[in-house]
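K.L.:
Chain by chain, the residues:
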Amino acid sequence: MAGKKAIVPETEYLIIGNSAGGIAAAEAIREVDREGAIAIVSEEPYLAYSRPLISEHLAGERSLDSMLLRSPDFYERNKIEALLGTGVARVDFDHKLVELEDGRRLAWRKLLLATGGAPIVPKLKGSHRKGVFTFTTLEDAEKIREAVNPQHKAVVIGGGLIGVSLAGALVHRGVAVAMVELMDRVLSTALDAEASHMVEEALRRKQIEIVLGQTVKEIVGRPADGGRVGGVILKDGRTIACDAVVFAIGVAPRTELAAGSTVAVNRGIVVDRHMATSCRGVYACGDAAEAYDFIHKTNRLIPVWPNAVAGGRVAGYNMAGRPTRYEGSTGMNALNCFGLSAVAAGLVEPKGDPTCEVLATSSAANGAYRRIVLRNNRIVGMVFVGDIERSGIVFGLMKDGINVRRFKEAILSPGFGLAALPDDLRRKRLSLPNSQLSEARGNEE
Amino acid sequence: MRPVYVREEVCMGCGLCEVYCALAHSISQDPIKAFKRERPRPVARIRVERTDGLFLPLQCRHCPDSPCVYACLTGAMYKDPDSGAVAVDPDKCSGCWTCIMVCPCGAITRDADMGIVAKCDLCPGRDVPACVANCPNEALAWAEDGAGVDLTEPAATAGGRTRGW
Ligand SMILES: Cc1cc2nc3c(=O)[nH]c(=O)nc-3n(C[C@H](O)[C@H](O)[C@H](O)COP(=O)(O)OP(=O)(O)OC[C@H]3O[C@@H](n4cnc5c(N)ncnc54)[C@H](O)[C@@H]3O)c2cc1C
Ligand code: SF4
Ligand code: SF4
Numbered sequence: 033m034a035g036k037k038a039i040v041p042e043t044e045y046l047i048i049g050n051s052a053g054g055i056a057a058a059e060a061i062r063e064v065d066r067e068g069a070i071a072i073v074s075e076e077p078y079l080a081y082s083r084p085l086i087s088e089h090l091a092g093e094r095s096l097d098s099m100l101l102r103s104p105d106f107y108e109r110n111k112i113e114a115l116l117g118t119g120v121a122r123v124d125f126d127h128k129l130v131e132l133e134d135g136r137r138l139a140w141r142k143l144l145l146a147t148g149g150a151p152i153v154p155k156l157k158g159s160h161r162k163g164v165f166t167f168t169t170l171e172d173a174e175k176i177r178e179a180v181n182p183q184h185k186a187v188v189i190g191g192g193l194i195g196v197s198l199a200g201a202l203v204h205r206g207v208a209v210a211m212v213e214l215m216d217r218v219l220s221t222a223l224d225a226e227a228s229h230m231v232e233e234a235l236r237r238k239q240i241e242i243v244l245g246q247t248v249k250e251i252v253g254r255p256a257d258g259g260r261v262g263g264v265i266l267k268d269g270r271t272i273a274c275d276a277v278v279f280a281i282g283v284a285p286r287t288e289l290a291a292g293s294t295v296a297v298n299r300g301i302v303v304d305r306h307m308a309t310s311c312r313g314v315y316a317c318g319d320a321a322e323a324y325d326f327i328h329k330t331n332r333l334i335p336v337w338p339n340a341v342a343g344g345r346v347a348g349y350n351m352a353g354r355p356t357r358y359e360g361s362t363g364m365n366a367l368n369c370f371g372l373s374a375v376a377a378g379l380v381e382p383k384g385d386p387t388c389e390v391l392a393t394s395s396a397a398n399g400a401y402r403r404i405v406l407r408n409n410r411i412v413g414m415v416f417v418g419d420i421e422r423s424g425i426v427f428g429l430m431k432d433g434i435n436v437r438r439f440k441e442a443i444l445s446p447g448f449g450l451a452a453l454p455d456d457l458r459r460k461r462l463s464l465p466n467s468q469l470s471e472a473r474g475n476e477e
Numbered sequence: 396m397r398p399v400y401v402r403e404e405v406c407m408g409c410g411l412c413e414v415y416c417a418l419a420h421s422i423s424q425d426p427i428k429a430f431k432r433e434r435p436r437p438v439a440r441i442r443v444e445r446t447d448g449l450f451l452p453l454q455c456r457h458c459p460d461s462p463c464v465y466a467c468l469t470g471a472m473y474k475d476p477d478s479g480a481v482a483v484d485p486d487k488c489s490g491c492w493t494c495i496m497v498c499p500c501g502a503i504t505r506d507a508d509m510g511i512v513a514k515c516d517l518c519p520g521r522d523v524p525a526c527v528a529n530c531p532n533e534a535l536a537w538a539e540d541g542a543g544v545d546l547t548e549p550a551a552t553a554g555g556r557t558r559g560w
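As given, the protein sequences belong to chains U and B, one line each in that order.
Take the first sequence: its letters are residues 33 to 477, numbered as in the numbering used here.
Take the second sequence: its letters are residues 396 to 560, numbered as in the numbering used here.
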């Protein structure tokens, strides 16, 4: 691409990715700048939809209409040009241009890379066969929906959040499911062992077969039709007959547009506390970026929805000229798995870290479990199963780095709430700050 | 924005606010029908927390920078641009509980029958929220403008700015 800017239409703000991060950024820009031209480009042809809801779509419970993040007039109302269904092929960071896959070119002043993640597909013998899928887009959900029926069995590779969510959807469709997970428990990055086992119980109650400590070595064809999936062979030699295989191992940040440029990439695109990349005028957020984690006190990949929105918002404000600092986030997941509610955030499994103290209680009677991980009397991790409604209070205490020495035992009691906090702290926490975004993190006692 | 304020030293923990909140959000609006027969069961969006010597009726603070809205996975949780009230669209909510995880007040409830969340909506259509109107002790107040007001301050501070009792 040559730098002939004059003939190329120019937009003030160009956003690549029409999802959690991209939409949050566009809205933040519009809070500050009512007029500057915004364009959002996305490979996916749809109006922005809730990616986590592809499971409900697969289950047959939701049409695209009820998955939309915003009303259909969102783009028009906010004067956003939506270029949907065409990918960005290349970015010229020096001349501030992009080239779309359909050949169009666009010049920009500020750029946001909200490109998300791509499903991880290991190199496996037989993965070319018909009936092998990934599960991260609406299109994936539709393909699976067309391919499976209640006489079928599916093997889900991966027992993480995507795998669990997918398994739930398949069960809803009446499809038998076997889940193959490499670790010795499901949700091993999101939950601690106790909570993982509670989820496994819930899955098994729905006849989901859970195969732990195993991987799929090969996907084999049908005896009569080698082109179609007939089963998988596990590492230990066992075979599972099936009609479909879905990779749900996780996502890898999509950093390909930054390759070979001045935009620094580690595992994800590296951003500072303003969500700015190493290239001036270029920002990144969401699953594509490595942003600040306030528990680990370093930049990390944390591919969850709320963090994409939080980072996108900060990027948007900064792009529009309102200096805003990203307060950071941490790993956090909420789960509603066949009626089992769970919430977990931060460092849930400190694995023998001597600086950490773990407090936990469980009550077999009502299936409730609570665990907090503390370091110097500050919460650094939390897990709630069953009765989760007060978990946000604990998340808030963790996020604000509050010293909980005076009442830490109370956090585990079933009746815990704001009333259990010491008077001074409760009063402070009830008068919420105006903006939590630009505030520096307090380290109050 | 006018959230409901609590004068915690006046609350006697009777729980009537919970009853009237659930009733106000019932289909029938009739106490006998609502609590005996109605399905989905009406859900209170206010909860009286009780500890030794303290009763704290608590519902959504309608935070200016609402963590629940920005965490919501589906766009169901939103802030009304005109009133500033934070509300949930029951048709969009998927019951993922992400908003519950980030609400610093623990003010969001699971509606078990519906499989979605329920929270204080400040009773649209009523002059005064049902909890405020029906508290026999005037422990709840609906204040004009909450900015900077300590919600737990005694009536002496809040009194000049509130109405509804
Ligand atoms: C099944 C499933 C369930 C999930 N459940 C949860 C959950 O319960 N809770 C939770 O917190 N998170 C969940 N997630 C994760 C969550 O969806 C992601 O963290 C979130 O979508 C990240 O948002 P993003 O804006 O960074 O990127 P994405 O949502 O991945 O969007 C990026 C977009 O950019 C487009 N794009 C990329 N490159 C280009 C290019 N070169 N040109 C044009 N367009 C491009 C992509 O096509 C895509 O549309 C789930 C994910 C899946 C798949
Ligand atoms: S539900 Fe919680 S986070 Fe949301 S506005 Fe109300 S108090 Fe704030
Ligand atoms: S439970 Fe409903 S309102 Fe809350 S985050 Fe999930 S979809 Fe949004």
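If you're looking for bench data, these hints aren't it; they were derived computationally from the structure.
Glycine included, each C-beta is placed from N, C-alpha and C at the ideal position.
A portion of the hints provided could be inaccurate.
[As the list claims (entries may be wrong)] Derived lysine-lysine pairs resembling DSS-like cross-links, with alpha carbons at most 27 Å apart: (1) U:K460 to B:K428; (2) U:K249 to U:K162; (3) U:K267 to U:K157; (4) U:K249 to U:K175; (5) U:K162 to U:K329; (6) B:K474 to U:K111.
[Said to hold, decoys possible] Where chain U lies over chain B, by a calculated footprint (3+ residues, C-beta under 8 Å): (7) 419–431; (8) 463–474; (9) 503–516; (10) 519–525.
K.L.:
Would you list, in rising numerical order, the hints stated earlier that this structure does not obey?
P.N.:
1, 5, 7 and 10
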